[in-house]
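A.B. asks: Chains as they are written, first to last, in our numbering: chain A, 1 to 436; chain B, 1 to 171.
Treat the hints as calculated values from the structure; they're not laboratory data.
A few of these clues could be false.
[To be verified] Distance condition first, Cα-Cα at most 30 Å in a straight line; then the derived DSBU-like pairs of lysine-lysine:
| id | chain 1 | residue 1 | chain 2 | residue 2 |
| --- | --- | --- | --- | --- |
| 1 | B | LYS12 | A | LYS96 |
| 2 | B | LYS125 | A | LYS181 |
| 3 | A | LYS96 | A | LYS210 |
| 4 | A | LYS210 | B | LYS20 |
| 5 | A | LYS96 | A | LYS349 |
| 6 | B | LYS12 | B | LYS166 |
| 7 | A | LYS314 | A | LYS96 |
| 8 | A | LYS269 | A | LYS418 |
| 9 | B | LYS12 | A | LYS210 |
| 10 | A | LYS210 | A | LYS418 |
| 11 | A | LYS269 | A | LYS287 |
| 12 | A | LYS210 | A | LYS287 |
[As the list claims (entries may be wrong)] Here's a subset of chain B near chain A, in silico, CB distances under 7 Å, partners left out:
| id | residue |
| --- | --- |
| 13 | LYS23 |
| 14 | SER36 |
| 15 | PRO39 |
| 16 | LEU63 |
| 17 | LEU66 |
| 18 | VAL69 |
| 19 | ILE107 |
[Said to hold, decoys possible] Pairwise CB distance ranges, derived in the manner of DEER restraints:
| id | chain 1 | residue 1 | chain 2 | residue 2 | range |
| --- | --- | --- | --- | --- | --- |
| 20 | A | THR242 | B | ALA13 | 43 to 51 Å |
| 21 | A | PHE301 | B | HIS52 | 28 to 36 Å |
| 22 | A | ASP13 | B | GLY144 | 52 to 60 Å |
| 23 | B | HIS52 | A | TRP332 | 51 to 59 Å |
| 24 | B | PRO29 | A | TRP39 | 37 to 45 Å |
| 25 | A | VAL362 | B | ALA70 | 32 to 40 Å |
| 26 | A | SER145 | B | ALA70 | 15 to 23 Å |
| 27 | A | THR242 | B | ALA70 | 46 to 54 Å |
| 28 | B | LEU67 | A | PHE32 | 44 to 52 Å |
| 29 | B | SER90 | A | HIS240 | 40 to 48 Å |
| 30 | A | LEU419 | B | PRO128 | 25 to 33 Å |
| 31 | A | ILE243 | B | SER90 | 50 to 58 Å |
This one's a predicted model, so the numbers in the text were calculated from it and none came from an experiment.
Where a beta carbon is used, it is the ideal one built from N, C-alpha and C, also for glycine.
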Amino acid sequence: MALPTIPYHQVRDDLWRPLAGASRRYTLTLSFLCAVALWGLIAWGYQIYEGIGVAGIRRPVFWGFYLVDFVFWIGISHAGTLISAILRLTDADWRKPVTRAAEAITAFALMIGGMFPLIHLGRVWLFYWLFPYPNSRLLWPNFRSPLMWDVTAISTYLTGSLIFLYLPLIPDVAQLAEHAKGWRLPLYRLMALGWSGSDREWHALERAMKLMAGIILAVAVSVHSVVAWDFAMAIAPMWHSTIFAPYFVVGAIFSGLAGLIIALNIIRKTMHLERYLTPHHFGNLAKLLLLMSLLWLYFTFAEHLTVWYGNEPKEMNVFGARVRGRFSTEFWGMVIVNFVIPFILLGIKKLRSITTATIASVGILIGMWLERYLIIIPTLSLPRLAAASGRYSPSWVEISITVATFAAMAALYLIFSKLFPIVSVWEFEPHEQEEE
Amino acid sequence: MSLYLTGTFADKAEAVQAIKQLKANGYEPADLTVFSDEPVEFPRGVLDRPSHMSLAVVSGAVLFFLLVVAFVYYTEYNYTLVTGGMPIFSFWPTGVVFYEVTMAGAILTTTVWFIWESGLLRRDKSIPVPTIEPEVICLRVRCGAPAQLETAATVLEQAGAQNVGKLEKAA
């Protein structure tokens with residue numbers, strides 16, 4: 001049944017409405033999230049003051065929660081690139097209400113993920129030593145080191161993601177500038193760069209976005225490959241694998257999609273955007289999520305089968321600890337939330353809905369965090385030299401910082417959605433409403 | 001001094017007709033500007049805006065690639081690391097750095113070229129800009145003389161334009 005078309009002024013009013021004022025619930029939520037984020041900053045400050053020893057990382061587990069979080073957040077950042085860049089390049093129309101929400105996730109997740117190498121540094125105030133610049137100490141970064149690769153990859157990806165988010169925002173902020181008052185007016189005017197809506201501007205914007213989509217896609221794949229090579233370049237049990245890069249890229253897209261579905265559902269409910277973020281969008285995202293779940297299972301199976309068949313003793317130590325040893329609860333829990341639950345909830349058409357997609361996504365986020373934990377901790381706990389084995393348990397500092405990053409992500413997202421339309425107004429063409 | 005005339009169209013086909021007629025009357029594409037609140041795609045040949053953005057982006061990427069290779073090569077020789085008999089400069093282990101900086105070059109060139117090609121930040125402030133209404137295409141015509149103004153107005157009206165009028169710079 002054809003339902004009436006949403007008129008343009010209605011689209012604009014609906015998408016601009018969340019920008020006006022701040023409800024009591026919004027203020028309370030933001031305050032709570034900022035308080036949790038502040039607690040994380042205090043914990044970090046304590047670590048800087050007392051030294052890295054206050055974290056639970058000990059010989060031989062030198063990479064703990066901080067590296068798990070780093071890989072996790074870089075993975076989440078892939079939401080924006082996949083949805084936005086691929087769908088822009090393929091001219092998929094359904095992406096339009098989804099892209100900005102996705103691009104914002106990329107930018108904020110990268111900012112948070114990029115902080116973890118700094119948090120993990122013993123003396124963070126010397127972080128700038130990672131950058132190549134002429135100096136009197138004759139110290140220079142080693143360009144051959146995968147950690148140096150991370151610096152260049154994440155810097156490029158963050159720059160690209162911020163520009164990719166900003167460019168399609170220009171027409172919207174130009175329109176907002178015409179109606180804004182107070183402190184918002186100079187902000188929007190500055191960001192609009194004098195946009196007038198001429199055909200030259202539109203042509204340039206569309207060309208730039210097509211090019212940026214291609215570039216950012218190539219960068220996104222490389223970034224998570226580089227993160228994988230941080231591990232794979234080491235001859236450590238269950239790390240030195242040729243499929244680690246694609247395995248990480250698949251995992252990143254998988255967790256990114258899950259993060260996006262959760263964010264979109266919260267936006268839909270809290271901002272009353274049910275007419276713009278429809279079951280059709282969630283259905284398409286759920287199908288993509290199911291596909292990524294199957295791909296993830298395939299890579300996980302291939303990785304573990306090769307190790308098991310090879311039966312190399314040091315690798316089997318780690319394999320055994322994961323599959324039937326002290327990490328087996330986390331391992332099988334990960335398989336259940338990353339594959340079994342999504343397969344049932346999203347694979348059976350009758351069960352597939354916005355709610356089930358969100359439930360599956362929450363599980364996937366937990367599962368993907370566990371996956372990174374299982375990649376890092378068992379291998380470091382059980383190195384090739386058996387006498388060097390050790391255990392790892394996170395300290396309150398690491399747990400506080402980890403929890404704080406989730407709060408910081410949500411807070412940044414809330415602030416962004418109050419400043420800018422979370423659905424692109426100019427890209428959203430008035431259309432026939434879909435039946436629920 | 002140039003004079004400016006605008007006409008608004010509710011239908012894209014009418015705007016296309018007006019642009020074709022104006023071009024037939026001797027107006028250059030540079031004299032015509034379309035304003036809208038969403039991108040309007042015209043058929044090829046109506047109001048083409050040639051672009052060198054792709055070429056510029058590739059050039060920017062190549063430039064950054066050459067710069068980063070030179071930078072890494074010279075710094076690795078000037079600040080030598082102990083490499084255990086391996087070559088001081090080796091292409092493969094530094095390939096990721098080259099790749100990422102090359103891509104950064106492409107990203108920055110795209111941004112700079114977008115700002116240049118769109119005319120943002122370098123717009124002549126003496127040229128008036130019409131206010132855009134939603135779902136309407138506004139065509140601005142630059143006329144060299146008052147006589148041209150009349151011709152343009154007739155063409156716009158014949159094509160079906162509404163609100164045809166001289167465009168003054170806002171106070």
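A.B. asks: It remains to establish, for every hint, whether it holds in the given structure.
C.D. replies: Checked hints:
| no. | hint | in the structure |
| --- | --- | --- |
| 1 | LYS12(B) <-> LYS96(A) | holds (22 Å) |
| 2 | LYS125(B) <-> LYS181(A) | holds (23 Å) |
| 3 | LYS96(A) <-> LYS210(A) | holds (14 Å) |
| 4 | LYS210(A) <-> LYS20(B) | holds (28 Å) |
| 5 | LYS96(A) <-> LYS349(A) | holds (24 Å) |
| 6 | LYS12(B) <-> LYS166(B) | holds (21 Å) |
| 7 | LYS314(A) <-> LYS96(A) | violated (49 Å) |
| 8 | LYS269(A) <-> LYS418(A) | holds (15 Å) |
| 9 | LYS12(B) <-> LYS210(A) | holds (24 Å) |
| 10 | LYS210(A) <-> LYS418(A) | holds (28 Å) |
| 11 | LYS269(A) <-> LYS287(A) | holds (21 Å) |
| 12 | LYS210(A) <-> LYS287(A) | holds (25 Å) |
| 13 | LYS23 | violated (14 Å) |
| 14 | SER36 | holds (6 Å) |
| 15 | PRO39 | holds (4 Å) |
| 16 | LEU63 | violated (15 Å) |
| 17 | LEU66 | violated (16 Å) |
| 18 | VAL69 | violated (11 Å) |
| 19 | ILE107 | holds (5 Å) |
| 20 | THR242(A) <-> ALA13(B): 43 to 51 Å | violated (57 Å) |
| 21 | PHE301(A) <-> HIS52(B): 28 to 36 Å | violated (49 Å) |
| 22 | ASP13(A) <-> GLY144(B): 52 to 60 Å | violated (42 Å) |
| 23 | HIS52(B) <-> TRP332(A): 51 to 59 Å | holds (56 Å) |
| 24 | PRO29(B) <-> TRP39(A): 37 to 45 Å | violated (60 Å) |
| 25 | VAL362(A) <-> ALA70(B): 32 to 40 Å | violated (49 Å) |
| 26 | SER145(A) <-> ALA70(B): 15 to 23 Å | holds (20 Å) |
| 27 | THR242(A) <-> ALA70(B): 46 to 54 Å | violated (31 Å) |
| 28 | LEU67(B) <-> PHE32(A): 44 to 52 Å | holds (47 Å) |
| 29 | SER90(B) <-> HIS240(A): 40 to 48 Å | violated (20 Å) |
| 30 | LEU419(A) <-> PRO128(B): 25 to 33 Å | holds (30 Å) |
| 31 | ILE243(A) <-> SER90(B): 50 to 58 Å | violated (25 Å) |
Checked against the numbered hints above, the structure breaks hints 7, 13, 16, 17, 18, 20, 21, 22, 24, 25, 27, 29, 31 and satisfies the rest.
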